[in-house]
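Protein chains: 2
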Amino acid sequence: MVIPLHARVSAELRERIHRGALPPGASLPSEARLCAEFDASRGTVRTALATLRHEGLIIGGQGRPPVVRDTASGQPFESLVSFTAWAERIGRTPGQRTVEIARRGAGAAAATALGIGEGTPVVDVLRVRSLDGEPVMLERATFVEPVGRLLFDFDPDASSIYAHLARQGVDLHSARHTIDALAADRHDATLLGIAPGAPLLRERRRTLTAAGEPVEYGDDRYRPDKVTFTIDNARPGVPGTTPDLRVRKQAE
Amino acid sequence: MVIPLHARVSAELRERIHRGALPPGASLPSEARLCAEFDASRGTVRTALATLRHEGLIIGGQGRPPVVRDTASGQPFESLVSFTAWAERIGRTPGQRTVEIARRGAGAAAATALGIGEGTPVVDVLRVRSLDGEPVMLERATFVEPVGRLLFDFDPDASSIYAHLARQGVDLHSARHTIDALAADRHDATLLGIAPGAPLLRERRRTLTAAGEPVEYGDDRYRPDKVTFTIDNARPGVPGTTPDLRVRKQAE
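Protein chains in written order, with this note's numbering: chain A, 26 to 277; chain B, 26 to 277.
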């Protein structure tokens with residue numbers, strides 16, 4: 026896989042931020058120095074910085090070198106909601122095979138999560154997600170109908186549902202992720218190519234707008250030998266300086 | 026999209042808590058005031074409050090206005106390291122039955138995590154942990170020898186190992202928790218009273234001193250029908266005001 030130079034520059038800087046070589050509050054090297062270090066054009070360096078700014082890792086930069094945010098703690102919101110955004114962030118190639126997209130009445134779990142009555146029309150999506158061509162996750166997402174209907178204009182085999190919804194103006198702002206484990210049933214096992222009864226790492230997700238309206242209920246089932254969650258925490262340090270909590274999803 | 030009134034009431038109060046307008050320890054407005062403010066029935070307000078109570082954002086409320094929990098910004102370091110501290114924090118009674126405490130040579134996983142050679146002497150502890158008398162977790166902890174030896178003066182059936190170590194001056198400062206899933210083997214299944222092959226939610230932990238020296242490697246296996254992990258995240262808000270990441274361990 027050929028990685029564009031701007032992505033390599035952003036990956037290297039991201040790594041320095043996560044490793045602490047560029048701690049919160051630190052200034053990044055100037056554009057001129059980054060150009061020299063990476064043998065890159067100014068446009069390439071600016072693209073890389075724009076990526077980090079979009080991810081919330083750095084702020085500022087109009088005329089001055091940007092600064093590492095003190096929220097540079099773990100993966101940004103997108104990476105814990107969008108499989109595509111996550112995979113690209115960690116330098117892997119995401120894939121998807123859509124098993125079904127269906128308008129139907131909400132089941133009990135989705136209805137509770139979405140604050141609607143059981144049987145209210147919703148849009149269900151079931152996809153097998155892969156990393157570098159290998160199936161690692163079963164993605165079940167239930168969208169409230171006004172949002173889900175936007176997916177019928179979209180090829181869910183093509184790319185990220187969340188990027189599509191964002192382009193349509195759907196405002197996904199916060200999410201609660203509940204992590205547990207369960208045994209693969211026969212259907213899950215067939216789709217993932219594993220033995221029935223094998224343990225799966227499950228992330229259920231309730232995604233809200235900024236106004237607190239539920240938009241999506243997700244039930245994502247990962248092969249635990251392929252994907253894990255990592256939590257870093259510490260006793261509080263000097264306020265404002267030490268991020269004492271980080272969460273990341275990792276590929277093995 | 027029609028959102029039920031109780032969901033709008035709970036969303037608004039949740040937002041005030043996260044924004045800090047209702048800080049930890051603050052009383053919520055009385056039911057009567059909430060009814061007036063939202064033009065809602067008492068039943069609607071109570072449903073909204075029950076949601077917040079279930080989410081762990083507020084406590085109390087029998088006859089008095091409920092209060093914002095000081096855990097509204099996630100659980101502190103202790104709660105994600107010490108089962109005893111966690112259980113007490115969520116108002117449950119922790120228990121422990123020690124299966125073994127042993128001085129032996131480190132196995133491969135512990136040796137790697139602790140940065141020592143395989144076979145270097147360590148102290149292993151295996152306990153069955155319970156909530157309100159019900160077994161919910163198998164706790165395996167491996168301590169570097171200078172720390173682990175402090176446990177031979179201690180009754181591990183009595184209380185928290187971590188509280189004991191803290192009293193002895195052992196400085197546990199940060200931890201990395203890696204969460205995956207695995208199937209219970211025969212031994213695990215017998216100790217937890219579940220079927221062999223049943224899925225378990227595993228938290229492996231590497232605990233460091235403030236100087237970054239590894240002290241403990243843990244492998245805790247939870248019944249996923251009893252304990253889950255919850256991650257709340259959001260797009261960054263106004264810097265310094267909105268907690269955009271919270272992690273909690275929850276008992277079902």
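Keep in mind that the hints were calculated from the coordinates and are not lab data.
Where is the CB? At the ideal position from N, CA and C, for every residue including glycine.
Some hints could be false.
[Unchecked claim] Cβ-Cβ distance ranges computed for the label pairs, FRET-style:
{"#": "1", "chain 1": "A", "residue 1": "T118", "chain 2": "B", "residue 2": "D250", "range": "30 to 40 Å"}
{"#": "2", "chain 1": "A", "residue 1": "E277", "chain 2": "B", "residue 2": "E170", "range": "43 to 53 Å"}
{"#": "3", "chain 1": "B", "residue 1": "A57", "chain 2": "A", "residue 2": "E37", "range": "55 to 65 Å"}
{"#": "4", "chain 1": "A", "residue 1": "T145", "chain 2": "B", "residue 2": "D196", "range": "48 to 58 Å"}
{"#": "5", "chain 1": "A", "residue 1": "D180", "chain 2": "B", "residue 2": "R67", "range": "23 to 33 Å"}
{"#": "6", "chain 1": "B", "residue 1": "V92", "chain 2": "A", "residue 2": "R260", "range": "48 to 58 Å"}
{"#": "7", "chain 1": "A", "residue 1": "I219", "chain 2": "B", "residue 2": "P146", "range": "31 to 41 Å"}
{"#": "8", "chain 1": "A", "residue 1": "G218", "chain 2": "B", "residue 2": "V92", "range": "43 to 53 Å"}
{"#": "9", "chain 1": "B", "residue 1": "P48", "chain 2": "A", "residue 2": "G158", "range": "47 to 57 Å"}
{"#": "10", "chain 1": "B", "residue 1": "P146", "chain 2": "A", "residue 2": "A235", "range": "32 to 42 Å"}
{"#": "11", "chain 1": "A", "residue 1": "V92", "chain 2": "B", "residue 2": "D196", "range": "52 to 62 Å"}
{"#": "12", "chain 1": "B", "residue 1": "G218", "chain 2": "A", "residue 2": "D178", "range": "43 to 53 Å"}
[Unchecked claim] Stretch by stretch, here's where chain A covers chain B in the computed footprint (C-beta under 8 Å, at least three residues):
{"#": "13", "region": "191-200"}
{"#": "14", "region": "204-215"}
{"#": "15", "region": "244-257"}
Q: Hints the structure violates: just list their numbers, smallest first.
A: Numbers 2, 5, 6, 10, 11, in rising order.
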